[in-house]
Amino acid sequence: MRRSLPIVSTLIVLLAASYFLIPLYATFQFSLQMVRGQWSFEAYRSVFNSDVFAATVTFSTIASLAAILVGVLIVVPTAYWVRLRLPRWRPVVEFVSLMPLIIPPVVLVFGYVRLFGSTSYLPLTLSNAGTNTLLVAGYVVLSLPYMYRAVDNGMAAIDIKTLTEAAEILGASRFRTIAAVIFPNVRSAIVSGAFLSFSISFGEFVIASLLNRPAFGPYLVQIGQDRAYEPAALAIMSFALIWACMVLMQLFAARKPGGRILPRLIRPSARSVTP
Amino acid sequence: MSFLRIEGVKKSFGGNTVVRGFDLSVEKGEFISFLGPSGCGKTTMLRMVAGFETPTAGTISIDGQDVTAQPPNRRRIGMVFQAYALFPNMSVADNVAFGLKIAGMPAAQIRERVAEMLTLIGLRHLADRYPYQLSGGQQQRVALARALAPSPRVLLLDEPLSALDAKIRVSLREEIRALQRKLGITTIFVTHDQEEALSMSDRIVVMNEGRADQIGTPFEIYNRPKTRFVASFVGNLSLLEGEGTGDARAILAGDEVILPFPARGRVILGLRPEAASLQASADRTNQLTGRIDEVNFLGSLVRLRVAVAGAGVLVDMFNNPGNPPPGRGDIVTIHFAPADVQVLEHTPPELAIAAE
Ligand SMILES: Nc1ncnc2c1ncn2[C@@H]1O[C@H](COP(=O)(O)OP(=O)(O)O)[C@@H](O)[C@H]1O
Ligand SMILES: [Mg+2]
Chain A
28 MRRSLPIVST LIVLLAASYF LIPLYATFQF SLQMVRGQWS FEAYRSVFNS DVFAATVTFS
88 TIASLAAILV GVLIVVPTAY WVRLRLPRWR PVVEFVSLMP LIIPPVVLVF GYVRLFGSTS
148 YLPLTLSNAG TNTLLVAGYV VLSLPYMYRA VDNGMAAIDI KTLTEAAEIL GASRFRTIAA
208 VIFPNVRSAI VSGAFLSFSI SFGEFVIASL LNRPAFGPYL VQIGQDRAYE PAALAIMSFA
268 LIWACMVLMQ LFAARKPGGR ILPRLIRPSA RSVTP
Chain B
53 MSFLRIEGVK KSFGGNTVVR GFDLSVEKGE FISFLGPSGC GKTTMLRMVA GFETPTAGTI
113 SIDGQDVTAQ PPNRRRIGMV FQAYALFPNM SVADNVAFGL KIAGMPAAQI RERVAEMLTL
173 IGLRHLADRY PYQLSGGQQQ RVALARALAP SPRVLLLDEP LSALDAKIRV SLREEIRALQ
233 RKLGITTIFV THDQEEALSM SDRIVVMNEG RADQIGTPFE IYNRPKTRFV ASFVGNLSLL
293 EGEGTGDARA ILAGDEVILP FPARGRVILG LRPEAASLQA SADRTNQLTG RIDEVNFLGS
353 LVRLRVAVAG AGVLVDMFNN PGNPPPGRGD IVTIHFAPAD VQVLEHTPPE LAIAAE
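Chain order of the listed sequences is A and B.
In terms of my numbering, the first sequence is residues 28 to 302.
In terms of my numbering, the second sequence is residues 53 to 408.
No wet-lab data here; the hints were simulated from the structure.
Please note: incorrect hints may appear among the correct ones.
Claimed, not checked - According to the in silico footprint, chain B covers these stretches of chain A (three or more CB under 8 Å from chain B):
{"hint": "1", "segment": "206 to 213"}
{"hint": "2", "segment": "225 to 239"}
Said to hold, decoys possible - Beyond 10 Å from chain A on every Cβ pair, some chain B residues (computed):
{"hint": "3", "residue": "Glu79"}
{"hint": "4", "residue": "Pro89"}
{"hint": "5", "residue": "Gly110"}
{"hint": "6", "residue": "Thr120"}
{"hint": "7", "residue": "Pro314"}
{"hint": "8", "residue": "Gln339"}
{"hint": "9", "residue": "Gly364"}
{"hint": "10", "residue": "Pro377"}
{"hint": "11", "residue": "Val384"}
Even for Gly, the Cβ is constructed at its ideal location relative to N, Cα and C.
The shape of chain A in the complex, shown without the other chains (with noise of 0.2 Å):
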């Protein structure tokens, strides 16, 4: 009975990862037949060589960074606050954190267009640099669950009210504390917030469609509706995106204090604590 669970539970690893690798094969297969009759990277080449495809990358991957940099700015405060000062609004916190899961982007979108239309006081939608910021706070909203439940659970890891104290014991302003002592301390839970943050809004289709952005998600719909070989080229390079950002996520997840920013695969030895 003991020795036959491994071969169980090896098969059912193997039939969930078949699930997910055989499409995947498939698409990379596809991706690589372009050219009639041989084996190419043409698919990708064709990609690469597109304007629209520089274009659209570099500006998802701004408007990701700029939601990153705006989600860090609220959510660390706010989850700081909440544990130090606020500990019986945390549920209340954590479940508004949550919404975004619960309603879909469209609504969000649309509420967006009426609260910021032509015809509102503050009319975001008629300028490019207007409806830019409404996509990045859709962004911001879209990532908040993963970003708040990253940096509570990071900060759920220290003591944040004895730390807190330690430093302002030690002359350090509130700024100072939050900078010097709090953030250090949770980068590595910001920084696996901030990968999950970016997979999310750096393929996103919904908000920067309707907003008409020129937008990543959007390019790679279009492009499924036009070609053939390219939108499995793009599946296969956005799949690699996030399993990298998965990576890195880990990597610095696992870093110690004091180590490098990546972390070396082969530790040296431990240094030996003496009493």
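Once you've looked at the hints, dock chain B with the ligands against the given chain A.
This is chain B with the ligands only, laid out in the frame that chain A set:
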């Protein structure tokens, strides 16, 4: 004018009063302990001195300056926390340098001061380590150096040793005391461990339910406890109940005991184990006889518990290799001097008469 003054301080959380009518004057360079059971308000009182809590009533002043409403980062106080609270993202040297950087000290001077502090705590070779690479005792020493580096006016320690194991606890407490003497820094040390408080302090504040029950030197606290709480919390004390006769005598279950002063009515008598002896002497004029319930061999001491007058009386005798202690069940006579009897609850005879 004393250096640190706490006057009429009271603290309530909602309807729950945690510190009541607390008064204390601390001289410059003095080492004060707050001693009391868990939950009696020691930490709360300390946090009010630090500025993390605001008193509901009363004032706190340092060096003649009223700091009651001052935020903690303006008070120039050093604090050591029970859980070390070192900054995990900074090396030992950076932890110690933190307060100096905030004070705006030039980098070269900071380096010098950090080296000086690390030498003082004997951890100079670990300057580049991170907190997670240190043992508990080392971390707490770094926390001490970090608190002392900016030359604070007052040092506060909240049970700094209670997370450490016994051996390090004893050596570190000696180290803390030596450092405190050397720097001459005014210190408040919170502990629930009476041995710590007795061995380290210039004066002890024994706290009970948010009140300072007694403030005095370790010698006074131990030998002349003012309340029954202090007597039972500090050191071992055998309690005996009796009836005062009004003329410096009490009757305990038929036996007569001579008291240091007259008392009338119900009295509670306390006796330290080291004041009781199985040997008679000129001043040990009191005697009680009973059966030995328990014999505890403690090394240099042997502690007996003798059943007398419906209670257990502890008797300490020195270990003597040539003379084994009596055994369980033996009948022995305890001798003690009237001057060693502590009369804890009594009505002075004149009041008793007035009440009748
Ligand atoms: N922030 C707070 N809110 C409500 N009650 C508190 C707070 N801090 C302490 N208390 C209460 O005050 C009492 C004394 O606590 P404390 O000062 O920590 O005692 P000690 O340090 O002597 O063990 C405890 O009953 C505790 O529950
Ligand atoms: Mg406490």
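A cut-off of 10 Å on Cβ-Cβ distance, and Gln339/B was said to be off the interface with chain A. Does that hold? Its Cβ never comes within 10 Å of chain A, the nearest being 51 Å, so this holds.
For Gly364/B, is the shortest CB-to-CB distance to chain A above 10 Å, so the non-interface label stands? The assertion about Gly364/B holds, with a minimum of 40 Å to chain A.
Thr120/B non-interfacial with respect to chain A [C-beta, more than 10 Å]: holds, 16 Å
Hey, is Pro314/B genuinely clear of chain A, shortest beta carbon separation above 10 Å? holds, 52 Å
Non-interface claim for Pro89/B, where every Cβ of chain A lies beyond 10 Å: holds, 23 Å
If I take the minimum Cβ distance from Gly110/B to any residue of chain A, is it greater than 10 Å? holds, 21 Å
According to the definition I'm using, a residue is off the interface if its beta carbon is farther than 10 Å from all beta carbons of the partner; does Val384/B meet that for chain A? The claim holds: Val384/B sits with its nearest Cβ about 45 Å from chain A, beyond 10 Å.
Under a C-beta cut-off of less than 8 Å, do 3 or more residues of the segment 225 to 239 of chain A approach chain B closely enough to confirm the stated coverage? Contact hint for the segment 225 to 239 of chain A vs chain B: violated, 0 residues under 8 Å.
Three residues or more, CB to CB closer than 8 Å: is that satisfied between the segment 206 to 213 of chain A and chain B? holds (count 4)
When you look at the beta carbon of Glu79/B, is every beta carbon of chain A farther off than 10 Å? Answer for Glu79/B: holds, closest chain A Cβ roughly 22 Å.
Checking the smallest CB distance to chain A, is Pro377/B really beyond 10 Å? holds, 37 Å
Violated hint for the displayed structure: number 2, the only one.
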